[in-house]
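Make a model of the complete structure from these sequences and hints.
So the protein sequences, as listed, match chains G and P. Read in the UniProt record's numbering, the first sequence has 286 at position 286, and its numbers run on one by one without any break. Read in the UniProt record's numbering, the second sequence has 56 at position 56, and its numbers run on one by one without any break.
Treat the hints with care, since some could be wrong.
Simulated pairs of lysine-lysine, DSBU-like, Cα-Cα distance not exceeding 35 Å [claimed, not checked]: (1) Lys135(G) to Lys106(P); (2) Lys237(P) to Lys282(P); (3) Lys450(G) to Lys410(P); (4) Lys335(P) to Lys291(P); (5) Lys88(P) to Lys203(P); (6) Lys367(P) to Lys415(G).
To give a feel for the contact side, a few chain P residues facing chain G, derived at Cβ under 10 Å [stated by the list, open to error]: (7) Ile84; (8) Asn85; (9) Leu111; (10) Ala192; (11) Arg256; (12) Asn261; (13) Lys330; (14) Val373.
Here are some chain P residues the structure puts well away from chain G; computed CB gaps all over 12 Å [said to hold, decoys possible]: (15) Gln33; (16) Thr100; (17) Arg141; (18) Tyr238; (19) Arg398; (20) Leu404; (21) Leu444; (22) Glu707; (23) Leu922.
Since the hints were derived computationally from the structure, they do not count as laboratory data. The model shown is predicted, which means the values in this text are computed figures rather than measured ones. Just so you know, even glycine gets a beta-carbon here, dropped at the ideal spot from N, CA and C.
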Amino acid sequence: MIQSLFIMSNAGEVLIEKHWREVTPRSVCDYFWDEVCKLEDREEIPPIMAVNKGFIISVYRYDMFLIAKVQQETPPLLCIEFLHRVLDILADYLGAVDETSIKESFSLVYQLLEEMMDNGHPMTTEPNALKAMIKPPTVMGRVVAAATGRSDAISEALPDGTISAMPWRKAGVRYAQNEIYLDIIEEVDAIVAANGQVVSSEVTGSIQAVSHLSGIPDLLLTFQDPSLIDDCSFHPCVRYGRFERDRVVSFVPPDGAFELMRYRVATGAHHILPRGNIIPPLYCNATVSFSDGAGGGGGGGSGGSGSGGGSGGGRVHVGLGTRAPNSLRFPGRKTASMLEDVEVTVPFPRAVRTANLSATAGTVLFDEAAKVARWSVGKLAMGSVGQRPPQMAGALVLQPGARLEESPSIHVAWKVPVASISGLSIASLQLTNERYKPYKGVRTLTKSGKFTVRTS
Amino acid sequence: MSNSRSARSGGSDSRFFTTTKKGETHELRLELQSPNRDKKKDAVKKVIANMTVGKDVSMLFTDVINCIQTENIELKKLVYLYLINYAKTQPELTLLAVNTFVKDAKDPNPLIRALAVRTMGCIRVEKITEYLCEPLRRALRDDDPYVRKTAAVCVAKLYDINAGLVEDQGFLQVLRDLVCDPNPTVVANAVAALSEITDTGGKDVMQITTATLQKLLAALNECTEWGQVFILDSLAKYDPVDGVEAEGIIERVTPRLQHANSAVVMSAVKVILSYLDLITNKDTERVFSRKLAPPLVTLLNSEPEIQYVALRNINLIVQKRPKILEHEIKVFFCKYNDPIYVKMEKLEIIIRLVSDRNIEQVLLELKEYAQEVDVEFVRRSVRAIGRCAIKLERAADRCISVLLELIETKVNYVLQEAVIVIKDIFRRYPNKYESVIGKLCENLETLDEPEAKAAIIWIIGEYAERIDNADEQLDHFLETFEDESADVQLQLLTATVKLFLKQPDTTQDMVQRVLHMATEDSDNPDLRDRGFVYWRLLATNPEAAKAVVLGEKPTIADDTFTLEPALLDLLVGQIATLASVYHKPPEAFVTKAAPVKDARADEAEEDFDEYEEEDAAEGSSMGGGGGGGAQESSGGNAVDLLDMGDLSIDSGTSNGGGGGGGGGGAFFAPSAAAPPMVKHQVCTAEQGQGLQISAGWANKGGKLSLEMDFANAGPAPLVSLAIQLNKSYFGLSPAQPQIVLPSPVPPGGAASYRQALSTAAAAAASALPMALNPALMAPPGAASPAQPLQCAIKNMTTGAVIYFSVPMDVSNVLSADGQLDKATYLSYWKAISDALEVQSVITDAPGMDVKAVTAKLAARNIFFIAQRDAGAAQVAYYSFKVAGALLVLLEITVQPGQIAVCVRTDAQPYAQPAKALVESILRS
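Here's what the structure looks like:
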C-alpha cells in the first residue's frame with residue numbers, strides 16, 4: 001500500500017509530503033528529480049521506478065509531479081488512479097492546481113489527504129462526500145478569514161453521505177431551479193498518413209453531466225439506438241445490471257458536474273461507419289521538404305527564402321480542406337455545419353533554427369524556443385465548394401550543418417457542434433422519486449482527440 | 001515564497017511559510033501558549049508549514065501537544081498531524097496525548113471517534129498500543145459504520161507495530177466478523193486489512209469460505225471503487241471448488257469490467273483470467289474471454305501512466321491467450337504524442353499480435369516509426385521489422401524490402417540497426433536473401449557501432465563466396481583490429497578463418513596475421529582461446545576445420561522478451577500487481593516481511609543475549625506489556641479474580657521493575673542438581689497491605705510447585721486467596737486459581753510459623769502446584785527464563801490486590817526427573833514429527849567438547865542420554881523436563897568452532913523457547 005506521498009513542483013521543490021506509514025526520507029525525491037532532469041520532456045518520466053527500498057509510482061499533470069512511495073506489492077493502477085484522483089480533488093477545491101495555490105492552502109491539502117487515504121488504502125475520494133467533511137474554501141470565506149483571522153474548514157457533524165449506500169451524493173440538496181444538462185461529446189483519435197489515408201482511428205464518446213437537482217432524484221436515460229455504443233464504462237452511480245439487461249442508464253446523480261459514462265463507438269461493426277476507419281470531416285495535406293546547402297529554399301511562393309550562408313533550408317506546406325462529412329450524423333437537422341476552432345500544430349525538429357511562415361487564413365505563430373508552429377485557422381464551412389481551401393506555407397532555416405532527418409507529424413484540432421460520429425441520441429430522460437419537473441438540456445459535439453497527420 | 005506574495009495572499013496559508021527570523025522558535029512557543037484560539041491555530045499552522053519545508057520543529061513538541069485539548073476540529077487535526085510526524089522522536093511525551101485520544105474515542109460525534117482511533121493507529125510508538133486496544137475494541141463494534149471502517153484499517157496498523165498483540169487480543173477474529181458486516185464499505189476495509197495482514201504476516205488470515213464468498217460478492221456491488229479493488233484482489237486468491245462455482249463468480253465479476261476506474265477493471269480481469277482455466281465448457285470460456293477485450297482496449301484511452309501499466313499486463317495476457325486481442329492490433333499503433341515508455345510497450349504488443357493478415361498495415365506503421373525523432377524508439381522499430389520477418393515466413397520478403405528502403409534514407413542509426421536485424425534474418429532463412437548483401441556493403445564505412453560491425457563482419461564471412469571483394473572488405477576491418485571491441489574482434493577472427501577455408505589461395509597472409517594478433521597481441525582470453533583452437537584445427541586437419549567452422553547452424557526464432565510458460569502462468573495470476581509490470585515473480589523483488597513465526601524466533605534469540613547484561617530497568621517495560629495479556633486471558637477463567645481491569649498496566653509495571661533485579665544475576669550461578677528449597681520474602685507487610693509473603697520453588701516428585709508462607713498483620717482474618725501469574729518464559733500457571741489455606745489465619749500475628757502445616761494463629765503456608773499454559777507464555781524476546789515470576793494475589797476477604805515477584809532459576813523450572821533411558825528417548829524422538837523440530841547453530845560458544853557440554857547442561861537438570869561419533873563431529877543426546885510436565889528432547893552436534901542444537905518437543909510453542917534456553921546455557 002502507499003507509504004508516502006509527495007507533491008513536487010515543476011522545479012523539483014517538494015511542496016507537500018504525507019506519510020501514512022513510516023516516514024520516507026526525502027532522498028527518494030532527490031533520486032526522482034535526478035531522473036527527471038535526465039529527460040528532455042517532463043512527460044517522459046516512467047510512471048514506475050524501482051528505488052532502494054520499494055518503488056515509486058508517479059504521475060505528471062498540471063505541471064506537477066505526484067509521487068507515491070510503496071514498499072510492498074501494491075496494485076500500481078490503484079496508486080495511479082488515486083494520484084490522479086488527488087489532483088482532481090485539489091483542482092475541485094483550489095480552482096487551479098499550482099505551486100501557489102497548494103502553498104496557500106497546505107493545511108487544507110493535508111486534511112484532504114488525511115481523509116482520502118488511511119494506512120495507505122484509498123478511502124473517501126468522492127468530491128461530494130469530502131465536501132461534506134471538509135468545506136471548500138470560498139471567496140467569501142477567504143475574505144472573512146482575512147478580516148477576522150477565523151476559519152473553520154471542517155463540518156462539525158458527520159455527513160450522511162460518507163457511508164451511505166450512495167457515497168457520491170450528499171443529502172439535503174435543494175435548488176430553486178432544478179436543471180440537468182447532458183453533453184454528448186465524441187472524440188476522434190486518428191492517425192492519417194501523408195497520402196490522406198486514415199491509418200487508424202478510434203472514436204470515444206463520453207456523456208458529461210451537470211446536475212442541479214433537489215433531493216434524491218432517480219433518473220432513467222434511454223437512447224434512440226443503444227446498439228450504437230460498443231463498450232462502456234460508467235460512473236459508480238450507474239446501475240450496471242440495469243444497463244446489461246435493458247440497455248438503459250439508470251442512476252441517482254451526484255450533485256454538480258460529473259462524467260456519467262464513457263463509451264467506444266464501434267468502428268466497423270455497424271452500418272454507420274464504413275468498415276474500418278472513419279472519414280474525418282477535414283483533410284490535411286502537409287509536406288516538409290529540405291534541401292542541402294545555400295539557397296535551397298529560394299523557390300517562389302508566399303514565404304520567400306530565408307536561408308542564408310551555409311546552413312540548409314527547407315519548405316513547409318500545409319493545406320486544409322473540408323470533406324463531405326459522411327461519417328458525421330446530425331440528429332434531427334439537416335443544416336450544413338461548421339468546423340470550429342480549427343488549429344494546426346507543427347512541431348519541427350530541433351534542427352530547424354527558425355521559420356518564416358504565412359497563411360491564407362487565420363494567424364500563424366512560430367515559437368522559436370519550442371520549435372513549434374501554431375496555425376489558428378478558426379472556422380471552416382463544411383462541405384462548401386466555392387470556398388478556397390486555406391493554406392499555410394513558408395521557408396525553414398536549419399541550424400548550420402544540420403540535416404532534416406525526420407518528417408514531423410502534425411497535430412490538428414477541430415470540433416463540430418451538433419454532430420456526432422455514432423449518431424447516438426437520447427430518447428428520453430425520466431425523473432422518478434421527486435415531484436418537480438426539471439429543465440433538461442442536451443448538447444452534442446464531435447471534436448478531435450489525438451488527431452495526427454503525418455507529413456511527407 | 002517571496003514576501004510580496006505572502007503579503008498579497010492575506011488570509012491564506014502561504015503567509016505561514018515566511019522566512020525564519022532569529023528567535024522564531026521562541027516567538028512560536030509564546031504564540032502556541034496564547035490563550036487566543038485563533039492565534040494558537042495560526043501558530044500550529046506555522047509549525048506545520050516549517051515541518052513541510054523540511055525544518056526540524058521537534059523542539060516545540062510539548063507546546064504543540066498542549067494544544068490538543070481543543071474543541072476546534074481543525075486545530076485538533078493539525079496537532080494530530082504534527083504528532084504523527086514527531087511521535088517517534090518523543091515517545092515519552094507522546095504519552096501525554098493519550099488521555100485526549102481515549103476521551104475522543106468516546107466522543108458523541110462519530111467523526112471525532114474515528115479521528116481518534118485513526119490517529120492513534122498512526123502513532124507508531126509501541127507504548128501507545130497498550131492504550132489503543134480498548135478504544136479499538138469499542139470502535140470495531142461501534143454503531144456507526146464510519147467508525148467501524150476506520151477501526152478495521154486500524155487493526156492492520158496495529159498488526160504492523162505489534163503483531164503478537166493483535167493476535168492475543170483476538171482482533172483478527174473481530175476483523176473476520178466484519179467481513180460479514182451489513183455495510184459494504186466496512187466489509188471492503190476489513191478485507192483490505194486482512195489481506196494486508198496476510199501479506200505482512202506471511203500466513204493466510206483471510207480464508208474465504210462459501211459464506212464469506214457470498215458476502216464479498218454482495219458487497220462488491222455496493223462498496224466504493226477502492227473497496228471493489230480490495231475485494232476483487234482477495235477473490236483472485238480464492239480457489240473455486242469447481243468450474244460451476246468459478247463460472248458463477250465470473251458472472252458476478254464481469255460487470256466490474258465496465259467500471260470507470262482502471263484499477264477495478266484490471267483486478268476484475270485478473271479474477272476472470274485466474275478462474276478461466278477451471279471452466280471446462282469451451283463455449284463458455286470463449287464467451288467470457290471475449291468480454292475481456294473491450295475493457296482492455298478502453299484502458300488505452302486513459303492517462304499515459306495507466307496505459308503503461310495496462311500495456312505491461314496486456315503483454316502477459318496476449319502471451320497467455322493470444323486470441324483475446326487478435327483483432328485489435330490497431331489500437332496499439334503509436335500516437336505521435338504518446339510518451340516514449342508507452343510507445344515502447346505498444347511496439348512489443350504489435351509484434352506479439354502481428355500475423356499474415358495484418359502484416360501489411362503493421363509494416364507501414366513500423367516504417368513510419370522508423371522515421372521518428374526519438375533514436376531509441378527508431379532503433380526498436382527497425383528491430384521490430386526484423387522480428388516480424390523472423391516470425392512470419394511469408395512476410396519476410398516485404399520486411400526485407402522495407403528494411404532496404406530504410407537503408408536508403410542513410411540515417412546512420414537506422415542503418416546500423418538494419419544491418420543487425422538483417423543478420424538475424426539471414427540466420428532464420430539461410431540462402432534466401434543474399435542478394436541484399438551488395439546493398440549492405442555499400443554502407444560499410446558508416447558503421448561505427450560494435451554490434452553493427454560485428455553483424456556485417458559475420459555476414460561477410462558467412463557469404464564470402466558471393467561477395468566479390470570479401471577479402472578486401474575484411475582486410476579493411478583488420479587494419480583497426482586492435483582498436484575494436486572484443487565482440488568485433490571475435491567476429492573478425494571467425495570471418496577471416498571462414499574466408500580462408502573458402503578461398504585458401506588468396507587469404508593465407510590474412511589468416512596468419514589475424515591468428516597472430518588474436519593469440520599473441522591480445523590479452524582477451526576468449527579471443528586467444530578461439531585463436532589457438534582455429535590455429536590448431538587449421539594446422540592439423542583442415543577438413544575438420546571446415547566441418548566445425550562452416551558447419552550447419554541451427555535456425556533461430558524470435559523469442560525476445562518471451563516468458564517461460566511456468567513464469568507466465570504465475571504472472572497471469574498476478575495481473576494488476578507490480579510483479580506483472582516487471583514481469584518477475586512476486587517474491588523476486590518485493591520484500592515481504594518474514595513470516596511471523598520466524599521473526600519471533602530470531603528476536604527471541606537476539607534479545608535473550610542482551611538480557612544477560614541487562615538489569616531491572618528493562619524488565620519493567622516488559623512487565624507492562626504483559627499486563628494486557630494477563631487481563632485478556634483472565635476471561636477464560638471462571639471468575640475474574642483480580643479485577644485487574646484498570647489497574648493492571650501501571651501497577652504491573654512498577655512491580656515488575658521492583659523485583660527484577662534480584663533474579664537476573666542468579667540465573668547462571670552454578671546450582672546443585674537438587675537445590676535446597678529457599679523461600680525469599682517477596683512481599684513485606686507494608687507492600688502487602690498487611691499480608692507478608694515468602695515464597696520459593698519446590699520440585700517434588702517431578703511436580704513443580706510454588707510454596708508460600710503467609711503472615712497476616714492485617715486487621716481481618718485471612719480466609720481465602722486467589723492468585724494469578726503474569727506471562728513468563730515457559731508460561732507457568734497455577735493449577736488452580738484458589739489458594740486453599742489449611743485454616744484461616746487470624747489477624748494481628750507478628751508471629752509467623754514457617755512450618756507448612758502449622759495451624760498457628762497468624763500464619764499459614766501453602767504449596768501451589770504449577771502447570772504449563774502456552775497462552776501465558778511471554779512474547780518471545782520479552783522475557784528470560786531467569787525473569788522473576790510476577791504474581792498477583794487477591795485477598796478475597798478484604799478485596800486487596802497485592803503484586804510481587806518470585807525469583808526464578810532455570811533449575812527450578814527444569815525438573816530433576818528429566819532423565820530418560822535410551823530406548824524411551826529413541827521412541828519419543830521418532831514419535832515427534834520432523835516438522836516440529838527446530839534447530840540452530842552456535843558459533844560464538846567457547847570451544848567445548850561433548851564432556852564440557854554435558855557438564856554444563858547437567859548443572860541445569862538437562863540429562864545426558866547417549867553419544868556417538870560422526871566423522872569430525874560428535875553427536876550427543878539429552879533430555880529435560882519443564883515444570884514436571886513438558887518433555888524436551890535435544891540433539892547436540894559438537895564440531896570444532898560450532899555447536900549445532902536441535903530440539904524436538906511435541907508441544908510446538910515451546911520448541912523455540914527451549915532451544916533459546918539451551919543456547920544461552922551453552923553460551924554462558
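Taking the numbered hints from earlier one at a time, note which ones the structure violates and give those numbers from smallest to largest.
Structure breaks no hint.
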